[in-house]
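Chemist: Given the coordinates of chain E, assemble chain D onto it according to the supplied hints.
Protein sequence lines, in the order shown, are assigned to chains E and D. Under the numbering used here, the first residue of the first sequence is numbered 1, with each subsequent residue one higher. Under the numbering used here, the first residue of the second sequence is numbered 1, with each subsequent residue one higher.
Read the hints as simulated data drawn from the structure, not as lab findings. A couple of the hints might just be wrong.
[As the list claims (entries may be wrong)] Computed list of chain D residues with no C-beta within reach of chain E, every gap over 12 Å:
{"#": "1", "residue": "32"}
{"#": "2", "residue": "75"}
{"#": "3", "residue": "200"}
{"#": "4", "residue": "390"}
{"#": "5", "residue": "436"}
[To be verified] Derived contacts from chain D toward chain E, CB cut-off under 8 Å, selection only:
{"#": "6", "residue": "22"}
{"#": "7", "residue": "60"}
{"#": "8", "residue": "63"}
{"#": "9", "residue": "66"}
{"#": "10", "residue": "88"}
{"#": "11", "residue": "253"}
{"#": "12", "residue": "255"}
By construction, the Cβ of each residue, glycine as well, lies at the ideal position given by its N, Cα and C atoms.
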Amino acid sequence: MKKIVILGATSAIAQSVARNFAADGASLLLVGRDEQRLTAVAGDIVARGASEVQTYVCDLADHGNHEALFQAVPQKLPCFDTILIAYGTLGDQEKSQASFDVFKKEFDTNFLSVVSILEHFARVFEESGAGTLAVISSVAGDRGRKSNYAYGTAKGALSLYLQGLRNRLFSSGVDVITIKPGFVDTPMTAHIEKGPLFASSESVGRNIYQAMKKKRNVAYVPWFWRYIMTIIKLIPECIFKRLSI
Amino acid sequence: MKLDSWGKYPSVEHRQVLTPGWLPTELPFSDSETYLCYGQGRSYGDSCLNADGSLLRTTDLNRFISFDTETGVLRAESGVTLEEIQKVAVPRGWFIPVSPGTKYVSLGGAIANDVHGKNHHTSGTFGCHVRRMALLRSDQGIVECAPDENEELFCATVAGLGLTGCILWAEIQLKPVKGPYIDLETIAFGSLDEFWEISKASDQDFEYTVSWIDCVSTGDAFGRGIFMRGNHSEQADKGERKPFWKDFLRVPLHFPEWTLNNFSMQAFNTAYFHAGKTRAGKKVVHYDPFFYPLDAISDWNKIYGKRGFLQFQCVVPSENNNAAIKGLLSKVVEAGNASFLAVIKEFGNVASPGMLSFPQQGITICMDFPYRGERSLELFHRLEDHVAEAGGRLYPAKDACMTSDHFKAFYPNSTEFKRHIDPRCSSSFWRRVMGEELI
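Bound-form chain E, shown alone:
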């Protein structure tokens, strides 16, 4: 059975992924900032059939907490074989433009802190010669747009970084999965008006679970975003710069 560490386990998408693995009887370590919420998610996952559930409270955006995290993970869930990175922030684009500090924080949380964590677990899995690193990036990282390029830049850097990591770890038998969700109806997008392209966190969670089981390299969820983004990437820059999409 799988032993999965979920970083950012209280997000709506992460909860949905965890439920799918729980139904298979997996063991999970849930990491997040809020103890009460982690406990609520843990209770849910146990009731849904997980063999074992542990929790660990940690603010992952803060690099200073990472050493303690690296110590805690193997103690709480020995022989873990999968890491899922599901935390992130959808910052305010206008605030990022107005203040470099805000921009930097967005980049730190969504990119640099993830790199710090992944580099550690990449070494661990490289040594053992097996393991899966699944990371939630975003379609926003596929092309820069004025409406959210602070977030998009961090996610774009993350996707690029994961390409390199996948290439490096291939020979060690470690899988790297880049997950690119489109619009998902979650508390993170509560303030945005929902259109027909919005998917529920349940369906996105199920798709991520399937992508992780099949060890996809790059998974767009839902699937149609692969084609939407292909078209968006094909638009020449001289036209794209005039658009508001």
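Modeler: Relative to chain E, chain D alone:
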């Protein structure tokens, strides 16, 4: 913001709709607005709506809190759907004690409407199986209640239409089963008297009974239908798989209104009766199509077009050889434009703890009518009068037009119930039947 009920009538605007991701410890509304919890929106009329007031959607309050697989006691947040509960419980040998006709309802909604199912004659309503719950109220904060603790609040909350506060979580007792299958027997009947005989003969030996009845045909075919009765099967696994396309059945858009007419209804009812008659006999089926046949078609309410539809469900005592139900059915047949899915069942005498619980001993009949303005409302009021004369009552969860006088007559407990309402709670239904104003 607009949120519809399943019948899409009435269509109203709300002041705001909030969807908390975690169990709230205080209500996120101001003192100048009323609120109501909204789960899956599967009530048919306006009991889940709060026009110009606010709604608290429980969609994301969908976590299990604990599940004891030894005793079958399950505690979950109120937004968990019955579908989720079945998915978790059935593989471990447990089953929802009372299943309504759709699995896409929330736990909180099942309690607030005190839903019933095909086993009313043996197991009563959903509320009979609730062990404990927690409410968040504007005046008292978080309050727990159970059949033997805060008993009055408990009895008001079961079938309380969401008016006693926000149900945060509930604990229910599941029932043990061997597997997901049902031993089903299907029998065709030619008249209401025949239905009555089969029903009487089935009560003892069958946990689940329900019938479809033709409410279009006249003459010899008047009151014909298909009786289905079943028990949980001892069979643990048939090894069958659901065909993949079954996940994709969906009504893609609202049907134009002309598609539903007397001719198409007659054709449907005749075809359905003969199909049922041909398939009559015994077989083993999965619980899903048996309990939730309509769930196989997503958004089936769109068949009734943009203006939506009205559902009529009443219960009447089965006195005088069922004169009341026969009279009611004749009125429906006479009026034409009736529904293609009418359901009839005999309720038992298991009492519910709910003050405003709908089921009572007698025969219940449930029909859909496409909404066609005044004409539909007139028919409804005629049927309502008939039910009132017969000493029956209507089901608030399905109602959009019951008059205030009738409601008060149907539910004499409503005066007592009023004392337990959260002062900040209100609903379109409640204001309509109690003649109250929005604060």
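Chemist: Decide, hint by hint, whether the structure agrees.
Modeler: Results for each hint:
{"no.": "1", "hint": "32", "in the structure": "23 Å, holds"}
{"no.": "2", "hint": "75", "in the structure": "9 Å, violated"}
{"no.": "3", "hint": "200", "in the structure": "41 Å, holds"}
{"no.": "4", "hint": "390", "in the structure": "44 Å, holds"}
{"no.": "5", "hint": "436", "in the structure": "32 Å, holds"}
{"no.": "6", "hint": "22", "in the structure": "6 Å, holds"}
{"no.": "7", "hint": "60", "in the structure": "7 Å, holds"}
{"no.": "8", "hint": "63", "in the structure": "4 Å, holds"}
{"no.": "9", "hint": "66", "in the structure": "6 Å, holds"}
{"no.": "10", "hint": "88", "in the structure": "5 Å, holds"}
{"no.": "11", "hint": "253", "in the structure": "13 Å, violated"}
{"no.": "12", "hint": "255", "in the structure": "20 Å, violated"}
Checked against the numbered hints above, the structure breaks hints 2, 11 and 12 and satisfies the rest.
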